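J.: Just so it is clear: in the sequence shown, position 106 is 106 by the numbering used here, and no numbers are missing.
Worth flagging that the hints you see were computed from the coordinates, not collected in a lab. Treat the numbers as computed from the prediction; the structure is a model and nothing was measured. Fair warning: there could be bad hints in the mix.
Straight-line alpha carbon distances no greater than 25 angstroms define the calculated SDA-like cross-link-like pairs of lysine to any residue that follow [what the hints assert, rightly or not]:
(1) LYS71 x SER30
(2) LYS96 x ASP86
(3) LYS78 x ILE51
(4) LYS78 x GLY26
(5) LYS18 x MET84
(6) LYS14 x ALA44
(7) LYS53 x PHE94
(8) LYS53 x GLU2
(9) LYS71 x ASN90
(10) LYS50 x VAL67
(11) LYS66 x LYS78
(12) LYS66 x VAL85
(13) LYS18 x ASN73
(14) LYS43 x LYS78
(15) LYS124 x ARG135
(16) LYS71 x SER9
(17) LYS71 x ASN93
(18) LYS43 x SER23
(19) LYS53 x CYS42
(20) LYS50 x ASP98
(21) LYS53 x LEU22
(22) LYS53 x SER25
(23) LYS96 x LEU22
(24) LYS96 x ILE40
(25) LYS124 x SER107
(26) LYS14 x GLN47
(27) LYS43 x SER107
(28) LYS66 x GLY26
(29) LYS96 x GLU82
(30) LYS66 x HIS31
(31) LYS53 x ASP98
(32) LYS78 x LYS124
(33) LYS66 x LEU38
Per label pair, the in silico range of CB-to-CB distance [unchecked claim]:
(34) THR114 x TYR57: 37 to 43 angstroms
(35) ARG24 x PHE120: 30 to 36 angstroms
(36) GLN130 x ARG70: 37 to 43 angstroms
(37) GLY64 x LEU29: 45 to 51 angstroms
(38) ARG24 x GLU54: 26 to 32 angstroms
(39) GLU79 x TRP3: 27 to 33 angstroms
(40) TRP132 x SER25: 41 to 47 angstroms
Even for Gly, the Cβ is constructed at its ideal location relative to N, Cα and C.
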Amino acid sequence: MEWLGHSISLIVSKGIWKPIQLSRSGPALSHLFFADDLIIFCKADEQHGKILKEILYDFCELLGHKVNLRKTNIFFSKEVEESMVDWHSNLLNFQKVDDLGRYLEISLFHKRVTNSTLHFVIEKVRTKLQRWDAR
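Please construct the entire structure, taking both the sequences and the accompanying hints into account.
T.: Laid out in structure tokens, this is it:
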């Protein structure tokens, strides 16, 4: 996995891969790793699709790994044209999803973070504290 992260960072530094910008003054984001999971961010155009396919192919060939297509999804911003969504889905053979769901019990996409976004975490902690008090 380290090789994959290094490969992405290298093509970003060469200006070949354009990471997404989280905000005007915020950091650029090309990929995130957590344990065995990887989230890749890039522009939804043909150039980036081909680069992504090539990097994943090289990774699999070099290290003998395979992309688990049952566990791999592709998500697009609402601004991406449907023809480009279909093109990427077919090129990479990944299942297109409209929602990436939850990761570590937290929704991956939501419009705005509010007090209620993580309210469930507060409730879990309260419940555990109440159990401890009951002992």
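J.: Okay, GLN130 versus ARG70 on CB: inside 37 to 43 angstroms?
T.: holds, 40 angstroms
J.: Return holds or violated for the Cβ distance of ARG24 and PHE120 against the range 30 to 36 angstroms.
T.: holds, 31 angstroms
J.: Is 41 to 47 angstroms a correct range for the gap between the Cβ atoms of TRP132 and SER25?
T.: holds, 43 angstroms
J.: With a cut-off of 25 angstroms on the C-alpha distance, tell me whether LYS71 and ASN90 pass.
T.: Satisfied, since the Cα-Cα distance of roughly 16 angstroms is no more than 25 angstroms.
J.: If you draw a straight line from the CA of LYS18 to the CA of MET84, is it 25 angstroms or shorter?
T.: Holds, at roughly 17 angstroms.
J.: Hint check: LYS66 vs VAL85, CA-CA at most 25 angstroms. Holds or violated?
T.: holds, 23 angstroms
J.: LYS53 and GLU2 were given as a pair; does the straight-line alpha-carbon distance stay at or below 25 angstroms?
T.: Holds, at about 17 angstroms.
J.: Mind checking the hinted window 26 to 32 angstroms against the Cβ distance between ARG24 and GLU54?
T.: Given about 31 angstroms between the Cβ atoms, the range holds.
J.: Going straight from one Cα to the other, do LYS43 and LYS78 come out at no more than 25 angstroms?
T.: Judged against 25 angstroms, a Cα distance of about 13 angstroms means the pair holds.
J.: Can you confirm whether the C-alpha distance between LYS18 and ASN73 stays at or below 25 angstroms?
T.: holds, 20 angstroms
J.: Given the hinted pair LYS124 and SER107, is their alpha-carbon gap at most 25 angstroms?
T.: Holds, at about 16 angstroms.
J.: Take the C-alpha atoms of LYS43 and SER107, compute the straight-line distance between them, and say whether it is at most 25 angstroms.
T.: Holds, at roughly 22 angstroms.
The structure does not agree with the numbered hints 11, 22, 28, 32, 37 stated previously, though it agrees with the rest.
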